[in-house]
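J.: So the protein sequences, as listed, match chains A and B. With the numbering used here, letter number 21 in the first sequence gets 21, and the count goes up by one each step, no holes. Offset between the second sequence (1-based) and the numbering used here: plus 1000.
Fair warning: there could be bad hints in the mix.
[Said to hold, decoys possible] With a cut-off of at most 30 Å between alpha-carbon atoms, the simulated BS3-like pairs for lysine-lysine come out as follows:
1. A:K346 - A:K20
2. A:K283 - B:K1045
3. A:K157 - A:K193
4. B:K1003 - B:K1024
5. B:K1002 - A:K276
6. A:K283 - A:K341
7. A:K313 - A:K53
8. A:K193 - B:K1024
9. A:K48 - B:K1002
10. A:K276 - B:K1024
11. A:K276 - B:K1054
12. B:K1002 - A:K249
13. B:K1002 - A:K157
14. A:K313 - A:K249
15. A:K246 - B:K1024
16. A:K246 - A:K283
17. A:K276 - A:K193
18. B:K1003 - A:K249
19. B:K1008 - A:K246
20. B:K1008 - A:K276
21. B:K1002 - B:K1015
22. A:K20 - A:K313
23. A:K216 - A:K193
24. A:K341 - A:K246
25. A:K48 - B:K1003
26. A:K276 - B:K1015
27. A:K249 - B:K1015
28. A:K283 - B:K1054
29. A:K341 - A:K140
30. B:K1045 - A:K193
31. A:K216 - B:K1054
32. A:K216 - A:K249
33. A:K322 - A:K276
34. A:K216 - B:K1024
[Said to hold, decoys possible] Taking beta-carbon pairs under 7 Å as the criterion, some of the chain A residues facing chain B (in silico):
35. V23
36. L40
37. Y237
38. A241
39. M274
40. S281
Because the hints were derived from the structure by calculation, they are not lab data. Treat the numbers as computed from the prediction; the structure is a model and nothing was measured. For each residue, glycine too, the CB sits at the ideal point set by N, CA and C.
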Amino acid sequence: MGVAFLEGVTIDGISACVPKTEVDNLSFGRELYGDDIEGLVRTTGVSKRRVSKEGEITALDLSVFAANRLFEYGNYNRDGFSGVIFVTQTPDNLLPNNATYCQDLLGLPESIAAFDINIACSGYPYGLFVAGSLAKSTGKPVLLLDGDTHSHFVSPKDKVTALLFGDAGTASVVSPNPSGGIWTFDFETIGSKRSALIIPDGGYRNRANEYSCQYKEYEDGGYRRPIDMYMNGMDVYNFVARNVPKRIKALIEGANESSESIDWLVLHQANEYMLKQVARSVKIPWERVPISIGKYGNSSSPTVPITLCSELKDELENTNIKSIIMAGFGGGLSIGAVHMKLGSVKCAGVFDYE
Amino acid sequence: MKKSEVLKTIADVLKAEINENTMKIDVPSWDSLKHIQLIMEVEEKFGVEIPIEKVPDIDSISVLLGLVGAEEG
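Excised from the complex, chain A in its bound form (with noise of 0.2 Å):
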């Protein structure tokens, strides 16, 4: 899409949640990866991450969470909304959506907006774009909300995904606000590439069937159901390695910024050494990459502004100004990257689920 722009609106406030279950990876992956988990779970970063059990904590339910301790902690008018976005790929029904539900348990104002976002990794900065749009077309904030549970859907036997997936939920305020700066943005989708990361069954192409839950080897190694999500790692990587360092520097430029003036890139939570990798190349210091994937695994698009609340809750909360990049990447395949500056946010941190 190349580089696009919004002007007058912030993110005023944010906070996550996460569920209470921790598991650890070394424990975990013994049986499935023998002696290579060490060198796996150094590879990855993802050490330790949080899950939930299938059927009693959704997305929708973390990020309701994470939500009403946010419109404490910063004291928000829930009557002031104008909208509430969902970004997610794991709603509690295909019909209706979960923006819809979450006007009702959030006690937001009747006459609101409230629709989903169906996207995967990339999800956070496109939230960002169509709530960034609505607030300051409707003067009013908008909530963001962005959740998953990506691990009810990865198979505890497929070596290339059983490490990575946790689940979180997020809330982020979007308010008008004249001295928010500029938003620059850009997007890139390969939809050609689209069975890189997929679950094949349970959508309206391949209905949910009696065949749907069984499990199954496949050529590629994996064990899995067709429900589960099937990922060619190798695809991902090679898209992440051709596209999202260029367009992490063509966002840069388009900014109007320097890699030597960017203060955080926050990056989605896919894989720490692809992370530095990416780092490397853009030119931003390591030290300036904050890193959650060790605590909380790879949530999907949640994984940036729980990283944001993780790692720079004080910075966001102390009012000097920080360019910050934050990006997106993976199904579809999809990129999304925004440059904003930052100060003064209200941040909750990241809440265990009660």
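Using the hints, position chain B against chain A.
T.: For chain B alone, coordinates are given in the frame of chain A:
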């Protein structure tokens, strides 16, 4: 660094018998996670940097040896 040292490191990561002519497609254990681990291990052990943009080119041991700059021996 010597080629033999790099080959030993690669073999240790992949837990497979390999040589200079081995193609990635012929090593079942050489999946995406191992691919990243391989790059990490050779970068850290031999103090080299392989640009991420070169990662999609690595389809064989010989390409990896070339990117690392391994010398005969």
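J.: Now tell me, hint by hint, if it's right for this structure.
T.: Results of checking the hints against the structure:
no., hint, verdict
1, A:K346 - A:K20, "holds, 24 Å"
2, A:K283 - B:K1045, "holds, 22 Å"
3, A:K157 - A:K193, "holds, 24 Å"
4, B:K1003 - B:K1024, "holds, 18 Å"
5, B:K1002 - A:K276, "holds, 26 Å"
6, A:K283 - A:K341, "holds, 19 Å"
7, A:K313 - A:K53, "holds, 28 Å"
8, A:K193 - B:K1024, "holds, 21 Å"
9, A:K48 - B:K1002, "violated, 37 Å"
10, A:K276 - B:K1024, "holds, 23 Å"
11, A:K276 - B:K1054, "holds, 15 Å"
12, B:K1002 - A:K249, "violated, 35 Å"
13, B:K1002 - A:K157, "violated, 38 Å"
14, A:K313 - A:K249, "holds, 26 Å"
15, A:K246 - B:K1024, "holds, 26 Å"
16, A:K246 - A:K283, "holds, 12 Å"
17, A:K276 - A:K193, "holds, 24 Å"
18, B:K1003 - A:K249, "violated, 35 Å"
19, B:K1008 - A:K246, "violated, 34 Å"
20, B:K1008 - A:K276, "holds, 25 Å"
21, B:K1002 - B:K1015, "holds, 20 Å"
22, A:K20 - A:K313, "holds, 20 Å"
23, A:K216 - A:K193, "holds, 23 Å"
24, A:K341 - A:K246, "holds, 21 Å"
25, A:K48 - B:K1003, "violated, 36 Å"
26, A:K276 - B:K1015, "holds, 25 Å"
27, A:K249 - B:K1015, "violated, 37 Å"
28, A:K283 - B:K1054, "holds, 16 Å"
29, A:K341 - A:K140, "holds, 20 Å"
30, B:K1045 - A:K193, "violated, 34 Å"
31, A:K216 - B:K1054, "violated, 34 Å"
32, A:K216 - A:K249, "violated, 42 Å"
33, A:K322 - A:K276, "holds, 21 Å"
34, A:K216 - B:K1024, "holds, 25 Å"
35, V23, "violated, 17 Å"
36, L40, "holds, 6 Å"
37, Y237, "holds, 5 Å"
38, A241, "holds, 4 Å"
39, M274, "holds, 6 Å"
40, S281, "holds, 5 Å"
Checked against the numbered hints given earlier, the structure breaks hints 9, 12, 13, 18, 19, 25, 27, 30, 31, 32 and 35 and satisfies all the rest.
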